[in-house]
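A.B. asks: Single-letter residue listing:
Number of protein chains: 2
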Amino acid sequence: MKAKVTVTLKQGVLDPQGQAIQNALSGLGYEGVENVRQGKVIELDLAETDTSVAQTAVEKMCEDLLANTVIETYDVELSE
Amino acid sequence: MKAKVTVTLKQGVLDPQGQAIQNALSGLGYEGVENVRQGKVIELDLAETDTSVAQTAVEKMCEDLLANTVIETYDVELSE
Numbered sequence: 001m002k003a004k005v006t007v008t009l010k011q012g013v014l015d016p017q018g019q020a021i022q023n024a025l026s027g028l029g030y031e032g033v034e035n036v037r038q039g040k041v042i043e044l045d046l047a048e049t050d051t052s053v054a055q056t057a058v059e060k061m062c063e064d065l066l067a068n069t070v071i072e073t074y075d076v077e078l079s080e
Numbered sequence: 001m002k003a004k005v006t007v008t009l010k011q012g013v014l015d016p017q018g019q020a021i022q023n024a025l026s027g028l029g030y031e032g033v034e035n036v037r038q039g040k041v042i043e044l045d046l047a048e049t050d051t052s053v054a055q056t057a058v059e060k061m062c063e064d065l066l067a068n069t070v071i072e073t074y075d076v077e078l079s080e
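In order, the protein sequence lines correspond to chains A and B.
Per our numbering, the first sequence starts with residue 1, numbered consecutively.
Per our numbering, the second sequence starts with residue 1, numbered consecutively.
Derived from the structure by calculation, the hints contain no laboratory data.
The beta-carbon is built from N, C-alpha and C at its ideal position, and this holds for glycine as well.
Worth double-checking, as some hints may not be accurate.
Some residues of chain A that are not near chain B, with every Cβ distance over 10 Å (derived) [to be verified]:
1. 39
2. 61
3. 73
In silico lysine-lysine, PhoX-like type, Cα no more than 20 Å apart, as pairs [unchecked claim]:
4. A/2 to B/2
5. B/40 to A/10
6. A/40 to B/40
7. A/4 to A/40
8. A/60 to B/60
9. A/2 to B/60
10. B/60 to A/4
11. A/40 to B/10
12. A/60 to B/2
13. B/10 to A/10
14. A/4 to A/60
15. B/40 to A/4
16. A/40 to B/4
17. A/2 to B/40
18. A/60 to A/40
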């Protein structure tokens with residue numbers, strides 16, 4: 001089973017990387033880019049085959065290691 | 001219109017960040033994590049409202065700036 005974890009900064013948390021991308025796009029002549037946020041995506045291959053067990057395990061991994069829940073939120077998507 | 005760009009390393013390109021995450025999860029006692037790959041997700045708010053124009057523009061941004069197409073692939077998802 002595969003898990004795709006998307007970790008993004010919470011609303012209201014400053015995102016200097018996103019700001020840098022927005023400035024760079026503007027410098028390259030791309031107009032109409034109003035806001036940019038950058039996050040991480042982590043793809044895990046799991047031995048577990050039960051969806052609900054895998055969901056619980058991956059959420060615990062996020063809380064423990066993958067996301068800093070003070071400033072970040074995470075989203076877990078499972079697929080076969 | 002919002003665009004979500006996911007940039008991941010191509011298959012076969014070494015991913016030390018993913019390897020570090022896998023080792024850390026193993027050290028924390030998580031078993032059954034067979035492979036980990038880390039990538040980036042970039043969320044753009046665009047002024048453009050036409051889907052096909054936006055798709056073309058974002059793909060060009062990926063080629064120019066957001067992804068290093070020598071070692072990375074990108075995927076664009078658009079939503080209202």
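A.B. asks: Work down the list of hints and note, for each, if the structure agrees.
C.D. replies: Hint check results:
The Cβ of residue 39 of chain A does not lie farther than 10 Å from every Cβ of chain B; its closest approach is about 5 Å, which violates its non-interface assignment. Separation of residue 61 of chain A from chain B is inadequate, the least Cβ-Cβ distance of about 6 Å not exceeding the 10 Å criterion. Against chain B, the non-interface label of residue 73 of chain A holds: every CB pair exceeds 10 Å, the least being about 12 Å. Annotation: proposed proximity of residue 2 of chain A to residue 2 of chain B is violated, straight-line Cα distance about 26 Å (limit 20 Å).
Restraint check for residue 40 of chain B and residue 10 of chain A: satisfied, since their Cα atoms lie roughly 16 Å apart, inside the 20 Å limit. A distance of roughly 4 Å separates the Cα atoms of residue 40 of chain A and residue 40 of chain B; the hinted pair therefore holds under the 20 Å criterion. Between the alpha carbons of residue 4 of chain A and residue 40 of chain A the distance comes to roughly 10 Å, so the proposed pair stays at or under 20 Å and holds. Taking the CA atoms of residue 60 of chain A and residue 60 of chain B, the gap is near 37 Å; set against the 20 Å cutoff, the hint is violated.
Between the alpha carbons of residue 2 of chain A and residue 60 of chain B the distance comes to roughly 29 Å, so the proposed pair goes past 20 Å and is violated. In summary, the hint linking residue 60 of chain B to residue 4 of chain A is not supported, as the alpha carbons are separated by about 25 Å, beyond the 20 Å threshold. Annotation: proposed proximity of residue 40 of chain A to residue 10 of chain B holds, straight-line Cα distance about 16 Å (limit 20 Å). Of the supplied pair hints, the one linking residue 60 of chain A and residue 2 of chain B is violated, its CA atoms being roughly 29 Å apart against a limit of 20 Å.
In summary, the hint linking residue 10 of chain B to residue 10 of chain A is not supported, as the alpha carbons are separated by about 28 Å, beyond the 20 Å threshold. Between the alpha carbons of residue 4 of chain A and residue 60 of chain A the distance comes to roughly 14 Å, so the proposed pair stays at or under 20 Å and holds. For a cut-off of 20 Å, the pair hint linking residue 40 of chain B to residue 4 of chain A stands: about 12 Å separates their Cα positions. Proximity of residue 40 of chain A to residue 4 of chain B is assessed by CA-CA distance (about 12 Å); at most 20 Å being required, the pair is judged to hold.
For the proposed pair residue 2 of chain A and residue 40 of chain B, the alpha carbon gap of about 17 Å is at most 20 Å, so the pair holds. Our distance criterion of 20 Å between C-alpha atoms is met by residue 60 of chain A and residue 40 of chain A, whose separation comes to about 17 Å.
Hint compliance for this structure: hints 1, 2, 4, 8, 9, 10, 12 and 13 are not met, and every other hint is.
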